[in-house]
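> Sequence:
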Amino acid sequence: MTDAFLAFAAAHTPGIAIVDACARHASKLGIDKLSADTGIPPLEIRAHLEAHKQLSPHRELAATLGIPLDTLLLVSTWSKRVLPDDIPVLLRAVENTTYTEAEDHLRAATRELNRGKNRTRPRGSVAVAKRPDYWGRRRVSFYLTDAEHADMKANAGAYIAAAREKDPTLSYGQALHMWLLRQLTTPVSEARKTYKPVLLMPVDSSLTWERGYLVTADGVRVDPVELLKAQLDDTGWALQTALDATGTAQAITVARIQNTRFSTGEHRMIAALDTLVCSWPGCHHIAMDCQAHHIHPAAQGGETSWENLAPLCKKHNGMNDDLRTVRNGRIIRGNGGYPGHQRRPGDPVRYSANDLLTAGWRGLTYDAYARAST
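With positions in the sequence shown counted from 1, the corresponding number in my numbering is that position plus 17.
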């Protein structure tokens, strides 16, 4: 009878006394040690600590009303939807109610408290745990609106998908944590990506003097005399091209003149410098702002190599068919290795009419060897 009575008494102890005791033990032992000693999951302990934080200013009222623990945790959750001064109203709303009834009472009380009130959203704040856990980590928490949360998911989506494909044991939350760490620990830069110029230079440099200009990644023509007078350090990239034994233009080497945060690798850059614009006919998006599209889908074994990459803007990358569908057509490599659009298998390949398509490294190389053969 004694054990049964103690269990009954513990179940009817005011919830505020339990969360206060939990907070005292957690401050001495830490959440992980307390969880290991008691068998209570860390998530449940954190819920107790959150209730202590939210409701401790109203400890006397909560104790007087004798609100049990499960209902008190529910009040703690709903208290975030009202101003701190209104929390006593929520506590009184659940007096002498069951757990099932409590949520209905809290919903009605919250609706009444917020009716007709134009309340300014409080400024955001970041909370950092005072003590690290066993592994030296500190818990960081902050609030996001639904719109901010949606933006975060959209921005992190590609990284999370790639990380989980590389390591299938990663959960969504673990991959999101990795992405957030990268965002928080990488130096802040401009909101919009900026790029340094990339100079396209044929191996036969005499072509430069015959043409009278060099071409950059965004189609700008540069006077080589002015270029020689300028300092070349920290200016961007240089790429050299030539023809292979079959007469097909190839990228020979690329030199990194400047290390930038937004550099995404030589494969992507060589693909962008191939056409300078989106590969979809009629589109004029600059290639450096496009997505790197896998001509042979990566999901079907396509390599991430510059031969298998072509620049497509976000819209046309989404429209491009894979090998198993025929709806909008797809990008393939056609004459001279240029990427173009093929509506259906066997149909003619259509190319961009933008003259920048042939101003990239491939066209520059063909021009160089055409001149050499005459």
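For the record, the hints were derived by calculation from the structure and aren't laboratory data.
Note that the Cβ used here is the ideal one computed from N, Cα and C, for glycine as well.
Take these hints with a grain of salt, some might be off.
[Claimed, not checked] Mimicking DSS-like on lysine-lysine, the simulated pairs with C-alpha atoms at most 30 angstroms apart in a straight line are:
#	residue 1	residue 2
1	K170	K70
2	K50	K183
3	K70	K50
4	K183	K45
5	K147	K183
6	K183	K170
7	K183	K97
8	K147	K170
9	K97	K45
10	K97	K147
11	K170	K332
12	K183	K70
[Claimed, not checked] FRET-style restraints, in silico, Cβ to Cβ:
#	residue 1	residue 2	range
13	M169	G83	37 to 47 angstroms
14	K331	L187	24 to 34 angstroms
15	R154	A175	43 to 53 angstroms
16	V157	Q359	27 to 37 angstroms
> A separate judgement is required for each hint: does it hold in the structure or not?
Okay, the hints, checked on the actual structure:
| no. | hint | result |
| --- | --- | --- |
| 1 | K170 x K70 | holds (29 angstroms) |
| 2 | K50 x K183 | violated (33 angstroms) |
| 3 | K70 x K50 | holds (20 angstroms) |
| 4 | K183 x K45 | violated (40 angstroms) |
| 5 | K147 x K183 | violated (35 angstroms) |
| 6 | K183 x K170 | holds (19 angstroms) |
| 7 | K183 x K97 | violated (39 angstroms) |
| 8 | K147 x K170 | holds (28 angstroms) |
| 9 | K97 x K45 | holds (27 angstroms) |
| 10 | K97 x K147 | holds (22 angstroms) |
| 11 | K170 x K332 | holds (19 angstroms) |
| 12 | K183 x K70 | violated (40 angstroms) |
| 13 | M169 x G83: 37 to 47 angstroms | holds (41 angstroms) |
| 14 | K331 x L187: 24 to 34 angstroms | holds (26 angstroms) |
| 15 | R154 x A175: 43 to 53 angstroms | violated (26 angstroms) |
| 16 | V157 x Q359: 27 to 37 angstroms | violated (50 angstroms) |
Checked against the numbered hints listed earlier, the structure breaks hints 2, 4, 5, 7, 12, 15 and 16; every other hint is satisfied.
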